[in-house]
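Engineer: Produce the entire structure from the sequences given, and follow the hints as far as they go.
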Amino acid sequence: MAGGQRVAGSGWENRDAPPPATRHPPSARLPWWLRDLIYAAVFIAILIGASYGLDRIPIGGIAYYRRIIVLMGINIILAVSLNIINGHAGQFSLGHAGFMAIGAYFAAFLTVFYFAPYVNKFPEGTEQWLLQNGLLLVAVLLGGALAALAGYIVGLPSLRLRGDYLAIVTLGFGEIIRVFILNINKIGAARGLSGIPNWADFFWVYLFCGITILISWRLVRSSVGRAFLAIREDQIAAEAMGVDTTKYKVKAFIIGSFLAGVAGGLFAHYMMYLNPEMFRFLKSFEVVVMVVLGGLGSISGSVVAAIILTFLPEGLREVKDFLHTNKDPRMVIYSILLIVLMLTRPQGLLGRRELWQVLARRKDTIPTDERDQGDATDRP
Amino acid sequence: MQTFLQYLLNGIAVGAIYALIALGYTMVYGILKLINFAHGDVFMLGSFVGFYAGGWAARYMNNQAGTLMSWVVAAAIMLLSMIACGLFGYLNERIAYRPLRNAPRIASLITAIGVSFFLEYGGQFVFGPDPKFFPTLIEKHLIQFGTITTTNYQIIVLVVAVIFMALLQYIVYGTRFGRAMRAVSFNFETASLMGIPTDRIISITFMIGSALAAVAGILFAVSYPKIDPLMGIMPGLKAFVAAVLGGIGNVPGAVVGGLIIGIIESFVGGSRFSNFTPAIAFIILIGILLFRPSGLFGKYEPEKV
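Chains as they are written, first to last, in this note's numbering: chain A, 1 to 380; chain B, 1 to 305.
Quick caveat, the hints were computed from the structure, so don't treat them as lab data.
C-beta: ideal position from N, C-alpha, C; glycine also.
Be a bit skeptical, because a hint or two may be false.
[As the list claims (entries may be wrong)] Pulled from the structure, derived: some chain B residues nowhere near chain A, Cβ distances all over 12 angstroms:
no.: 1; residue: Tyr-7
no.: 2; residue: Leu-87
no.: 3; residue: Thr-147
[What the hints assert, rightly or not] In silico PhoX-like links for lysine-lysine, alpha-carbon gap of 25 angstroms or less:
no.: 4; chain 1: A; residue 1: Lys-283; chain 2: A; residue 2: Lys-320
no.: 5; chain 1: B; residue 1: Lys-140; chain 2: B; residue 2: Lys-226
no.: 6; chain 1: B; residue 1: Lys-132; chain 2: A; residue 2: Lys-327
no.: 7; chain 1: B; residue 1: Lys-132; chain 2: B; residue 2: Lys-226
no.: 8; chain 1: A; residue 1: Lys-283; chain 2: A; residue 2: Lys-186
no.: 9; chain 1: B; residue 1: Lys-226; chain 2: A; residue 2: Lys-327
Structural biologist: This is the structure we're talking about:
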């Protein structure tokens with residue numbers, strides 16, 4: 001047992017608790033807040049370094065990749081936040097683009113009409129830079145808050161519905177939100193909202209990406225997350241066990257739509273232009289596909305799928321060049337791949353497990369399908 | 001009063017098309033509990049088959065529009081389109097849905113979305129993304145009914161739609177196959193234990209649903225001759241709303257739901273809230289699901305453990 005090594009073939013007994021012999025006595029460990037602070041500092045330092053480096057790599061066409069990487073970050077936020085609703089709480093929502101639209105438009109509205117004119121009064125310099133980033137944070141968070149409010153309003157009545165009906169109602173709400181935005185002249189209506197300053201960059205997007213993953217990660221391991229999982233597994237049983245299902249479902253909805261709103265705000269401040277057409281339900285489908293493809297309930301699965309599905313259409317450009325057509329076969333290939341993947345791995349790429357569990361070939365988590373149950377090479 | 005009747009008539013003409021699409025949704029959902037998102041795109045496929053067949057026929061017809069021949073050709077085109085879509089529906093079920101029948105339902109839902117993407121983007125790839133104009137096979141003329149005006153197209157749409165609805169009603173409630181279909185939708189496993197070939201029933205259901213979508217596609221293209229590969233999305237969603245409104249799985253309900261959606265849309269489109277027309281179907285949907293989740297004609301099924 002020495003050294004905290006798992007005994008081969010012993011499986012799952014001591015997964016979370018290394019043998020006590022190797023554990024530091026509690027007094028020698030860092031206090032939790034200091035430890036977390038150090039982690040946060042390291043994360044931010046890495047982000048600043050990466051962002052600095054990405055701006056200065058002397059490769060032709062890097063701007064194109066930088067753009068894809070930032071959009072990938074936004075997709076990761078969207079996928080991980082939808083995974084909280086769809087994967088953890090098991091409520092099938094098809095309205096994520098609507099919440100994203102609310103966050104995007106509200107954040108952009110605040111910036112264009114209030115914050116940007118105020119910031120522009122200051123001369124260029126540190127003060128303006130600080131103010132700009134601070135106000136970006138405020139705008140994005142307020143955008144998220146309004147999206148969360150919308151999530152609450154949508155969620156409260158519609159979460160009485162189950163399965164397909166909920167999917168259709170959320171899809172309907174997404175479309176209603178879009179049609180309403182289309183009719184508000186102040187924010188551009190069908191012309192779109194332009195003139196949004198380019199405040200969000202790699203650093204902000206990936207900072208929120210990290211925060212989203214952290215929230216999602218901590219959430220599943222909290223009592224709230226346990227309630228989500230219970231509802232996902234069996235709503236009636238959860239109710240019988242005293243879980244207030246409606247309350248937790250609405251909670252999942254609020255958290256998910258808040259993060260979607262944040263992603264929208266960042267999207268607005270990166271793209272510098274918004275149009276209601278960007279938030280059609282095809283966008284919702286795109287995010288749902290990411291979550292399901294990664295494996296419902298797997299956080300790293302959502303991240304991996306978001307990365308793959310952001311790069312896939314870009315990578316397929318090569319195919320288009322190869323075929324020498326001006327017609328675009330990319331989305332056709334994308335849809336065929338989607339169908340084939342669902343046919344061969346209906347539980348998604350990772351199932352419910354996380355990436356490292358799959359890589360380590362550990363079978364000690366909840367079995368996701370019969371294949372996992374049948375394959376017992378790892379068991380005593 | 002006159003405008004009221006006019007809007008009502010226009011609404012019924014659109015609603016009949018929604019109803020035809022909704023029938024396919026409701027039959028498939030009734031049997032498989034699957035929202036076949038690709039159904040709206042089968043509708044698109046139907047009108048494109050009609051477009052190419054019609055273009056081909058027009059070349060050989062030397063402007064015989066209006067003669068008896070043009071009616072025969074129009075009927076033949078519709079039949080061809082129905083066969084093509086029925087075949088597609090069969091293949092779709094066989095290749096994309098049947099292997100997933102025992103998988104989690106979400107997997108088949110995503111596959112349906114994938115098939116829908118495939119048809120939309122495949123349509124853009126093959127047919128080109130720009131709108132096309134549906135050929136006129138039968139000359140359009142106005143008909144005056146007292147104070148309200150209609151076109152012979154609207155009447156054709158209504159007549160054809162009613163014929164096919166009646167046919168479906170007969171198939172579902174009057175034939176052996178229909179009885180088997182209802183049995184499968186009532187309880188899949190028991191039906192198969194009773195010797196009903198469930199796989200075949202499901203295949204045929206998909207074919208019938210897709211053929212009805214093809215009819216709707218042709219009728220829609222006749223009434224609104226601009227067709228493009230993404231035209232199926234919105235009518236498809238609205239037809240789904242119609243199916244839910246009428247009580248999903250319920251055949252007459254889908255027809256009533258389609259007509260209600262069409263009529264309400266027509267009235268909203270004529271009011272000063274016309275900008276909100278695209279959202280109205282969803283507002284109705286949310287209202288109906290909140291107050292009567294089983295739809296107008298659906299049976300309430302309490303949750304069972």
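Engineer: Evaluate each hint against the coordinates.
Structural biologist: To see whether the hints hold, each was checked on the structure:
1. A cut-off of 12 angstroms between C-beta atoms confirms that Tyr-7 (chain B) is not in contact with chain A; the least separation is 21 angstroms.
2. Interface exclusion of Leu-87 (chain B) from chain A stands, the closest Cβ pair being 18 angstroms apart, more than 12 angstroms.
3. Taking the minimum C-beta to C-beta distance to chain A, about 33 angstroms, the non-interface status of Thr-147 (chain B) holds against the 12 angstroms cut.
4. About 23 angstroms separates the Cα atoms of Lys-283 (chain A) and Lys-320 (chain A), which keeps this hinted pair within 25 angstroms; it holds.
5. Taking the CA atoms of Lys-140 (chain B) and Lys-226 (chain B), the gap is about 15 angstroms. The hint holds against a cut of 25 angstroms.
6. For the suggested pair Lys-132 (chain B) and Lys-327 (chain A), the alpha carbons sit about 17 angstroms apart, so the restraint of at most 25 angstroms is met.
7. For a cut-off of 25 angstroms, the pair hint linking Lys-132 (chain B) to Lys-226 (chain B) stands: about 6 angstroms separates their Cα positions.
8. Between Lys-283 (chain A) and Lys-186 (chain A), the direct Cα distance comes to roughly 24 angstroms. Compliance with the 25 angstroms bound is thereby established for this hinted pair.
9. For the suggested pair Lys-226 (chain B) and Lys-327 (chain A), the alpha carbons sit about 21 angstroms apart, so the restraint of at most 25 angstroms is met.
The earlier numbered hints are all upheld by this structure, with none contradicted.
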